[in-house]
Amino acid sequence: MRAKWIRGGLSLLALGLVFASGWLTRRIVAYHVLHRGSEVVVQRDFAPALADARTPTPTPKVSEPAMVQLYNNVLYLVREQYVEPVKTEQLTYGSLEALLASLNDPRSQFLRPEQHENLVRALSGEVGGIGAVLAVVNRKTTLRVGNETAPLEQSLLTVVAVLPNSPAEKAGLKPGDVIDEVDGRWVLSENPYAEVVELQRMHSPRDQIRQASERARQRALNSITLSEATAQLSQIPKPNEAKPLELTIKRGGQTLKVRVERATTRVRPLEYRMLKNRWGYLRPNLINATAAREFAHALRTLKQGGAKGFVIDLRGVAIGQQEPALQMLSLLVSKRQVAQVEYRDGKTYKKRPLTLPKAPQAVGMPIAVLVDRGTYNIAELMAIAIRQGAQARIIGMPTFGEASQTNLYQLKDGSAFTLTVGRYLGNDGTAFHQRGVQPDARVPAEPRMRGQPGADPALERALQWLTTQEKRA
Amino acid sequence: MKRAGRTRIGLLLLMPALFVAGYVSAAGYHALVPYAPSWLGSARAALNPTDAFRTVLAEIEAHFYGESPAIDKLTYASIEGMLAALNDPYTRFMDPEAFRRMQEDTTGSFTGIGALLEDAPGGARIVRPLPNSPAARAGLKPGDIIIAVDGKSLERVSLDEAVRMIRGPRRTTVRLTIRRNGVDEPFTVAIERDLVESPTVDVYLEDQENKIYRIWLQNFNEKAPQLLDRALTEIQQNGARALILDLRANPGGLLDAAIEVTSRFVPGERVVVSIVGREGLLERRETLRGRYRNLNIPIVVLINSGSASASEIVAGALRDHKVAMLIGEDSFGKGSVQTVIPTSRNTAVAITTAKYLTPSGYDLNAKVVDGKRIGGLKPDIEVKNPEDWRMTEEDKARDAQLQKALEVLRERIGASKPSEGVLRAQHDAEVNR
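Chains as they are written, first to last, in my numbering: chain Z, 14 to 486; chain W, 10 to 442.
One or more hints might be untrue.
[Claimed, not checked] With a Cα cut of at most 30 Å, we get these calculated DSSO-like pairs of lysine-lysine:
#1 W:K82 with Z:K100
#2 W:K220 with W:K150
#3 Z:K348 with Z:K371
#4 Z:K263 with Z:K251
#5 W:K376 with Z:K100
#6 Z:K360 with Z:K74
#7 W:K393 with W:K405
#8 Z:K316 with Z:K183
#9 Z:K263 with Z:K153
#10 Z:K363 with W:K150
#11 Z:K74 with Z:K316
#12 W:K331 with W:K220
#13 Z:K289 with Z:K263
#14 Z:K316 with Z:K289
#15 Z:K74 with W:K82
#16 Z:K251 with W:K376
#17 Z:K289 with Z:K484
#18 W:K82 with Z:K360
#19 Z:K270 with Z:K289
#20 Z:K363 with Z:K153
#21 W:K405 with W:K331
#22 W:K232 with Z:K364
#23 W:K82 with W:K376
#24 W:K331 with Z:K153
Bear in mind the hints are in silico, worked out from the structure with no lab data behind them.
With the hints as constraints, model all of the structure from the sequences given.
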């Protein structure tokens, strides 16, 4: 009897030990992952677009190690000597933010852990805030001062796409809207003192300079930076601060004021159905791993249902990653090379093909691709790749025109940074950066009516074209 | 036996399952317990700043698609961003150009012609030549416009740049081309640069009837205490009944001068300022014995956003020791000590290593929050002057701060005005708050 108890106790102990050893193993693994020599982990599944599948974790070698030394010296001095104790993390984040900002590329930026988390969540289809995809668009324009003009650089916070069922959609925001003010504070889209500088250069009367300077000062005082504005628009407020945001929007020549709530918008990865006359309709709302999986499943289901051709609706598709886009393409196009990427090699620019990870299974049926201004980046690439790789037509409105291939690098403390590493081109070298992909047929449509037969002129036009293809065959 | 065997098999099957369970639970551990003790291994390792910087920099150099600034510019931008995270406007990085300029400014080439300049069409206008300066000796007059320096036109040159062109080593000559109203042709004068002694103390009788004097202390150089003494003697002899100590547009100067000046108004061995470093109190500076002037008249100190450093120390000490009330607007907010440390490649970093606290422990230093300066001394009575007001005799009529000071002092010395009692109570309340 006693022996039985001992044996039972011993086996429980053994089981406990096994559990503990499993636990410890994981921690040790985690520790080694975190404390590898390099500070950076390029996570391929998170990278919106990976520069080069062959590039391993970058070996941090810089052309002038003395510069790293200088950085280290200043860091050390500040930590040792500054009048108050400093948080190293703040210094690190401040410096990396400034480093990436100095590239003057809106798509290359440092992401603090919470920003990074937001991005990852958005890529998975959970978008916080107003529920719109925003991009900073740099624009060169001219400033009129008296009779003279001067060049002026603007960075406009632009609505790329409005997600279905989002607060932004309810508020009536539209792709292309420029957000000029958030809660009455001006979004710092240009140097407020540009006019003052010009007036000084022109030796204008002092009163005029002083007035302009005072205006600029007031404007600057009541402003928020682009990153602050983006943060406000993409976060979910605490329950007690859940006030709608008052936005001032520039649309065309108009200025509008709208109130937008903030919430979590859940994006359904894919919608599909069989339209009349057995045309398959597929609409990925974003391009991530889940959407790619569901896309494959939907395509199979529609084919089994006797589909004769497909409408792929990429209107308003602005969230996406390269890998899942390639997976989707591999079910549609016939050739393995789907696009080109221009990249920098030292001081020269070179091109390399962007190829599918495995041999494609062409769908072998006509495809009508629907696009509009909210078709952004990787979705634009998909459109152009389908046109060049299948029996396809692009119908709708010109796309946004963002062809940057951007990497996401995770740092081991949960922060991350993005870096533009290349530019997508069509397979035949067609550039769509800042121009957009031009549709074969220009047909506008109301975003809310997307995919509603009878109410969506672009869809109607697509079905017409598919019908002609059927007759030809 | 059979049962025991089954148990044993069950146990063996359970083992791998438990191992996996342990593995998985450890992975999720940090999601469940965010404040886990560090010896269990942290889910987020701290970032080594230098390694992270090297990694990002290397990645930019290797793969960034766009036009990247040169590696030194990238590094300087990073360091500036690092220091900006401290929210301290005085901790700053100096690139080779900035460091060189700073060295020039402090190693005595800081000599010029001694004239106050302002921007004007086609050049720089002389607001006024300082008394006894090279400019005054050369006969330059207010309103003259300098249109060229050493033959180089100022047509498309900023005022800052013009000043830099006019300045130069002592005893060298600068040729200025001047356009003067009433003189047809521009003419050129050669002026020998010299150390410019700006006036330090001016005395004004602002209210003749009530004998209210204003002493404008313009900076805190070595001579300031001595000149102040002379001014105080003058007003005492004239029977001053109240004093306005004007520290507006006074950028500060020597700490010793600030101690001396405070000692005129506060009896000996009281704290003027505490100098506090990272590890705590470094030094406490007190008023000097035998310097107290015992004026025994009400005093108001005027401050504005141009009152910085030593001015703020004096104003803060006079208020904390209840010698004077402050009227005007928030002072500049410069109460700290920077140490300039040269770093490699002809760069340097200025780091705030200590700060000044007023006797009551108020941190004089302004902070930069969201790109805006916040801080400095708050006046007891806030009065703003028009944005384009100038601190000149001609513009005195619009000096609301001075008017307020006079009003307050008239009340205090019981001069004129009915309903005096009520108003005085009101002002006393304001002084005490």
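A quick look at each hint next to the structure:
Between K82 (chain W) and K100 (chain Z) the CA atoms are separated by roughly 25 Å; this keeps the pair inside 30 Å, and the hint holds. Distance restraint check for K220 (chain W) and K150 (chain W): the Cα-Cα separation of roughly 33 Å exceeds the 30 Å cut-off, and the hinted pair is therefore not satisfied. This hinted pair checks out: K348 (chain Z) and K371 (chain Z) have alpha carbons roughly 10 Å apart, not beyond 30 Å. For the hint linking K263 (chain Z) to K251 (chain Z), the alpha-carbon distance of about 28 Å falls within 30 Å, and the restraint holds.
The suggested pairing of K376 (chain W) with K100 (chain Z) holds, with an alpha-carbon distance near 17 Å, which does not exceed 30 Å. With a C-alpha separation of about 17 Å, the suggested pairing of K360 (chain Z) with K74 (chain Z) holds against the 30 Å cut-off. Distance restraint check for K393 (chain W) and K405 (chain W): the Cα-Cα separation of roughly 14 Å lies within the 30 Å cut-off, and the hinted pair is therefore satisfied. The hinted pair formed by K316 (chain Z) and K183 (chain Z) fails the criterion: a straight-line CA distance of about 35 Å is larger than 30 Å.
Proposed proximity of K263 (chain Z) and K153 (chain Z) is supported: the alpha carbons are some 17 Å apart, at most 30 Å. A C-alpha spacing of about 65 Å is found between K363 (chain Z) and K150 (chain W), which places the hinted pair above 30 Å, so the restraint is violated. For the suggested pair K74 (chain Z) and K316 (chain Z), the alpha carbons sit about 51 Å apart, so the restraint of at most 30 Å is broken. Annotation: proposed proximity of K331 (chain W) to K220 (chain W) holds, straight-line Cα distance about 22 Å (limit 30 Å).
Proposed proximity of K289 (chain Z) and K263 (chain Z) is contradicted: the alpha carbons are some 40 Å apart, above 30 Å. For a cut-off of 30 Å, the pair hint linking K316 (chain Z) to K289 (chain Z) stands: about 14 Å separates their Cα positions. A hinted pair counts as satisfied when its Cα atoms are at most 30 Å apart, and K74 (chain Z) with K82 (chain W) qualifies at roughly 17 Å. Restraint check for K251 (chain Z) and K376 (chain W): the C-alpha separation of about 27 Å stays at or below 30 Å, so the hint holds.
Simply put, K289 (chain Z) and K484 (chain Z) have alpha-carbon atoms about 16 Å apart, close enough for the 30 Å limit, and the pair holds. Only pairs whose Cα atoms come within 30 Å are accepted, and K82 (chain W) paired with K360 (chain Z) is accepted, the gap being roughly 18 Å. At roughly 41 Å between alpha-carbon atoms, K270 (chain Z) and K289 (chain Z) are farther apart than 30 Å, so this suggested pair is violated. Proposed proximity of K363 (chain Z) and K153 (chain Z) is supported: the alpha carbons are some 26 Å apart, at most 30 Å.
Restraint check: the Cα-Cα separation between K405 (chain W) and K331 (chain W) comes to about 28 Å, which is no more than 30 Å; the hinted pair holds. Of the supplied pair hints, the one linking K232 (chain W) and K364 (chain Z) is violated, its CA atoms being roughly 71 Å apart against a limit of 30 Å. Restraint check for K82 (chain W) and K376 (chain W): satisfied, since their Cα atoms lie roughly 26 Å apart, inside the 30 Å limit. Using a Cα cut-off of 30 Å, the hinted pair K331 (chain W) and K153 (chain Z) is violated, with the two alpha carbons roughly 57 Å apart.
When each numbered hint is compared with the structure, violations occur for hints 2, 8, 10, 11, 13, 19, 22, 24.
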